[in-house]
Amino acid sequence: GDSVTQMEGPVTLSEEAFLTINCTYTATGYPSLFWYVQYPGEGLQLLLKATKADDKGSNKGFEATYRKETTSFHLEKGSVQVSDSAVYFCALRINTGFQKLVFGTGTRLLVSP
Amino acid sequence: GAVVSQHPSRVICKSGTSVKIECRSLDFQATTMFWYRQFPKQSLMLMATSNEGSKATYEQGVEKDKFLINHASLTLSTLTVTSAHPEDSSFYICSARDDSNSPLHFGNGTRLTVT
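Line by line, the protein sequences give chains A and B. The opening residue of the first sequence carries number 1 in this note's numbering; numbering runs sequentially from there. The opening residue of the second sequence carries number 1001 in this note's numbering; numbering runs sequentially from there.
Note that these hints are calculated values from the structure, not bench results. Predicted, not measured: the structure shown is a model, and the values here were computed from it. Careful, some of the hints might be misleading.
What the hints assert, rightly or not - Here are the simulated lysine-lysine pairs, DSSO-like style, with alpha carbons at most 30 Å apart: (1) B:Lys1066 / A:Lys56; (2) A:Lys100 / A:Lys56; (3) A:Lys100 / B:Lys1041; (4) B:Lys1020 / B:Lys1041; (5) A:Lys68 / B:Lys1041; (6) A:Lys77 / B:Lys1041; (7) A:Lys100 / A:Lys77; (8) B:Lys1066 / A:Lys49; (9) B:Lys1041 / A:Lys49; (10) A:Lys52 / A:Lys77; (11) A:Lys68 / B:Lys1020; (12) A:Lys100 / B:Lys1020; (13) B:Lys1041 / A:Lys60.
What the hints assert, rightly or not - Beyond 10 Å from chain A on every Cβ pair, some chain B residues (computed): (14) Gly1016; (15) Arg1024; (16) Glu1063; (17) Leu1074; (18) Thr1078; (19) His1085; (20) Glu1087.
Beta carbons are placed, not taken as given, at the ideal position from N, Cα and C, and that holds for glycine.
Just chain B, with the same shape it has in the complex:
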């Protein structure tokens, strides 16, 4: 079946540095990708939606200059957390689908810890 690979699964970085998270669709073309953030004991909060070749659409309250999303190909989207701070520590999850009638496939998530 369709698989979405998210990497890395865990990352620890120092405050002020940037971290890049990759999300790849392995056997389908990911026309649309979604990036979510999950706080402990809270729901997955949608951060942004990206379509291949277009600028990402960010949800209200999400800083686009801090969370840079690139969806340059049909199989790869990246989320870069710039100038990370401890409050950015969270679980980030990507999901992808081919078209609007296709099911949504999720990556295994990335645990980011900023020290």
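Excised from the complex, chain A in its bound form:
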């Protein structure tokens, strides 16, 4: 079945460090790929997305490239801030039927000053 695997956390970084959170997927068909972020006490928010192979999603300094050959959608940011501390979820959406989202387990990022 369709699934998303992302690295376990927590990921602990110092401010201004480089961030990578790995995400790989298994899907039939051609999914759209997403990163969602959940700040403490809040709901999930869409961070970025890519709808086809080689697309790059970007937002707030975060980037992820849809790599069909490696079935990956790794999240990167060149210089993290304390305010980036949150839980990050990778997800895929099969673009048929109800177009349900399938989520990874989430990776907690902790950024210290």
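With chain A held as given, fit chain B onto it using these hints.
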């Protein structure tokens, strides 16, 4: 921007009682709503999909008689956990969208604890 309000944020109930969780779209028509359940350190597991005015479609392994979903209007869906047991303790999250091309908006979740 679009907001989905989920209530309550936390609820503690005794085993055997029922609990209702509400999910409201505040500034858009939620044609489709999704209900997720999240266990600690695990991903969000889709429980069911509901379209306004129709019966919910449950994922495999989810008991529809235990997790009653009602989507009677374009702005409100409810999830009722019937005869709750401690193993039902979890974090429940709703999400909603207008149409298939619209982004998905999430509620803040409900932490259910069954004692």
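### Query
Which hints from the list above does the structure break, by number from lowest to highest?
1, 8, 11
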